[in-house]
Amino acid sequence: MKRREFIKKAAVGTAAAVAAPAVIAAPKKIRWRMPTSWPKAFDTIYGGAVTVAERVKAMSGGNFEIIPYAGGELVGGLEVFDAVSQGTFPIGHTASYYYVGKNPAFGFDTAIPFGLNFRQQNAWLYNGGGIEQMRKVFSDFNIINLPAGNTGCQMGGWFRNEVNTPDDLKGLKMRIPGLGGKVMSRLARFRHRF
1 MKRREFIKKA AVGTAAAVAA PAVIAAPKKI RWRMPTSWPK AFDTIYGGAV
51 TVAERVKAMS GGNFEIIPYA GGELVGGLEV FDAVSQGTFP IGHTASYYYV
101 GKNPAFGFDT AIPFGLNFRQ QNAWLYNGGG IEQMRKVFSD FNIINLPAGN
151 TGCQMGGWFR NEVNTPDDLK GLKMRIPGLG GKVMSRLARF RHRF
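At position 74 of the sequence shown the residue is numbered 74 (my numbering), and the sequence of numbers has no breaks.
Read the hints as simulated data drawn from the structure, not as lab findings.
Even for Gly, the Cβ is constructed at its ideal location relative to N, Cα and C.
Hints may be right or wrong, so weigh each one.
Claimed, not checked - In silico lysine to aspartate or glutamate, EDC-like type, Cα no more than 16 Å apart, as pairs:
{"no.": "1", "residue 1": "Lys102", "residue 2": "Asp82"}
{"no.": "2", "residue 1": "Lys28", "residue 2": "Glu65"}
{"no.": "3", "residue 1": "Lys29", "residue 2": "Glu54"}
What the hints assert, rightly or not - Okay, the calculated beta carbon distance ranges per label pair:
{"no.": "4", "residue 1": "Arg186", "residue 2": "Gly61", "range": "45 to 55 Å"}
{"no.": "5", "residue 1": "Leu187", "residue 2": "Glu73", "range": "32 to 42 Å"}
{"no.": "6", "residue 1": "Glu73", "residue 2": "Pro27", "range": "27 to 37 Å"}
{"no.": "7", "residue 1": "Asn117", "residue 2": "Ile144", "range": "36 to 46 Å"}
{"no.": "8", "residue 1": "Pro27", "residue 2": "Arg186", "range": "50 to 60 Å"}
{"no.": "9", "residue 1": "Gly87", "residue 2": "Asn150", "range": "22 to 32 Å"}
{"no.": "10", "residue 1": "Gly62", "residue 2": "Leu187", "range": "47 to 57 Å"}
{"no.": "11", "residue 1": "Trp158", "residue 2": "Lys28", "range": "42 to 52 Å"}
Take these sequences, add in the hints, and give me the full structure.
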């Protein structure tokens, strides 16, 4: 090959390589299934899980997709914590007060009757070291917690008659989880469910 021909071909090849767009590998798409503790009919709480999933997908340009499932579709609503802790699922959406039997501190990560309102809860979590404190508790269960909603104080229920004294609880049936449930169960005046 003559020197001029070689230089000419080398110049054309170099120009083509420089001018060609860089080939970039497409980012790997990630898809996670997320069990929740909520039926789809609970549009506020289940809807919160859907909103989290939609925001993650939008922020990742569609490369990270989280698919929420209603309680009972993948695991029972109260089995979400264990499923994530054991590595069955990479993510879950639940309320920590369901798991105060595992550690009473979980009650502080969610709603406590007569406790903080939603603004106070957010202030404690984000400005008072609450996330860091709860992260220590969750680490014992192989979970990294991220707040994904705030329902405010735990409600005890809506009743036909006023409840002002422990005697007013006789015969009532109600559902109240977490530390509130423990307090009410000590009263032993009614059937409770966690």
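List of violated hint numbers, smallest to largest: As far as the earlier hints go, only 7 is violated by this structure.
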